[in-house]
Amino acid sequence: MDTSKFFDGHAYFKELTEKNKLAKANSFFPCSCSGINSLQDVLDNFRKQSAFVCVDDTNDAATEQIGGGWFKKRTFTVFLLIRYRYDDMTERAAKLDICRQIFRQFHSRMIRDKYIYEDLDLSFLNVSRIYTRELGEYFISGCTGLYFMAELTEPTDLCYKEDEWDG
Numbered sequence: 001m002d003t004s005k006f007f008d009g010h011a012y013f014k015e016l017t018e019k020n021k022l023a024k025a026n027s028f029f030p031c032s033c034s035g036i037n038s039l040q041d042v043l044d045n046f047r048k049q050s051a052f053v054c055v056d057d058t059n060d061a062a063t064e065q066i067g068g069g070w071f072k073k074r075t076f077t078v079f080l081l082i083r084y085r086y087d088d089m090t091e092r093a094a095k096l097d098i099c100r101q102i103f104r105q106f107h108s109r110m111i112r113d114k115y116i117y118e119d120l121d122l123s124f125l126n127v128s129r130i131y132t133r134e135l136g137e138y139f140i141s142g143c144t145g146l147y148f149m150a151e152l153t154e155p156t157d158l159c160y161k162e163d164e165w166d167g
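For the sequence shown, the UniProt record's numbering gives the first residue as 1, with consecutive numbering after it.
The set of hints was computed from the structure by calculation and includes no laboratory data.
Predicted, not measured: the structure shown is a model, and the values here were computed from it.
Treat the hints with care, as some may be off.
Said to hold, decoys possible - In silico PhoX-like cross-links for lysine-lysine, where the CA-CA straight-line distance does not exceed 20 Å:
id : residue 1 : residue 2
1  : LYS14     : LYS114
2  : LYS19     : LYS114
3  : LYS24     : LYS48
To be verified - Label-pair restraints from in silico Cβ distances:
id : residue 1 : residue 2 : range
4  : TRP70     : ASP163    : 14 to 22 Å
5  : GLN101    : GLY167    : 39 to 47 Å
6  : GLY67     : ASP87     : 51 to 59 Å
7  : GLY136    : HIS107    : 20 to 28 Å
8  : ARG109    : ALA62     : 41 to 49 Å
9  : ARG47     : GLY67     : 25 to 33 Å
10 : ALA25     : ASP157    : 36 to 44 Å
11 : HIS10     : GLY69     : 23 to 31 Å
12 : THR132    : GLU162    : 41 to 49 Å
13 : SER141    : GLU164    : 34 to 42 Å
14 : GLN65     : LYS21     : 19 to 27 Å
15 : TYR115    : ASN37     : 33 to 41 Å
16 : LYS161    : ALA94     : 15 to 23 Å
17 : ARG47     : SER128    : 20 to 28 Å
Even for Gly, the Cβ is constructed at its ideal location relative to N, Cα and C.
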């Protein structure tokens with residue numbers, strides 16, 4: 001494992017989106033954002049796309065020593081968003097349920113991938129505790145969904161290297 005390169009959450013969640021039958025059936029569009037206050041890809045594609053899997057391109061992170069090694073703990077935030085007819089609360093509930101089902105399917109795939117594909121750095125993914133939050137009725141007019149936060153704790157190389165310094 002290369003401890004100077006980190007897991008690519010964007011590529012992983014894009015792949016999940018492209019391989020998930022329910023996400024494909026509902027035309028979920030993989031994109032990125034910089035947090036809940038900067039959903040630029042969603043807004044740029046809001047007229048062309050009806051559903052989004054939006055991965056936050058910023059991470060909350062911490063570096064900590066565990067045992068004798070150093071680890072970088074990063075949290076990936078993924079938004080599952082889908083449009084509905086404005087003021088149609090029945091359709092909103094149905095669309096929110098689609099997001100709930102996709103999250104459940106993503107979570108089950110993440111569990112599978114963690115234990116089957118240990119060489120893909122997913123062995124450090126915390127699948128036993130993933131936080132979710134459903135978005136309120138007035139999040140974006142005519143859009144509902146949820147977001148989840150997945151934590152990954154992976155080894156990092158903090159060995160001092162003399163050749164990286166001048167003096």
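Outcome of the hint check:
Taking the CA atoms of LYS14 and LYS114, the gap is near 17 Å; set against the 20 Å cutoff, the hint holds. At most 20 Å may separate the alpha-carbon atoms for a hinted pair to count; LYS19 and LYS114 meet this at roughly 17 Å. For a cut-off of 20 Å, the pair hint linking LYS24 to LYS48 stands: about 15 Å separates their Cα positions. Here the CB-CB span from TRP70 to ASP163 is close to 20 Å, well matched to the stated 14 to 22 Å.
Distance hint for GLN101 and GLY167: a CB-CB separation of about 58 Å, inconsistent with the stated range 39 to 47 Å. Taken as a hint, the range 51 to 59 Å holds for the pair GLY67 and ASP87, whose Cβ atoms sit roughly 55 Å apart. As the Cβ distance of GLY136 to HIS107 is approximately 22 Å, the hint placing it in 20 to 28 Å holds. Distance hint check for ARG109 and ALA62: the Cβ-Cβ separation is about 26 Å, which falls outside the suggested range of 41 to 49 Å.
Checked against the given bound of 25 to 33 Å, the beta carbons of ARG47 and GLY67, roughly 51 Å apart, lie outside it. Separated by about 42 Å at the C-beta atoms, ALA25 and ASP157 satisfy the suggested range of 36 to 44 Å. For the pair HIS10 and GLY69, the beta carbons lie near 26 Å from each other, so the given range of 23 to 31 Å is met. Range check, THR132 to GLU162: Cβ separation about 46 Å, and the 41 to 49 Å hint holds.
A hinted range of 34 to 42 Å for the beta carbons of SER141 and GLU164 is inconsistent with their spacing of about 50 Å. For the hinted restraint 19 to 27 Å between GLN65 and LYS21, the CB-CB distance of approximately 42 Å leaves it violated. For the pair TYR115 and ASN37, the supplied restraint of 33 to 41 Å holds, since their beta-carbon distance comes to about 35 Å. Distance hint for LYS161 and ALA94: a CB-CB separation of about 55 Å, inconsistent with the stated range 15 to 23 Å.
Evaluation of the 20 to 28 Å hint for ARG47 and SER128 yields a failure: the beta carbon distance comes to about 39 Å.
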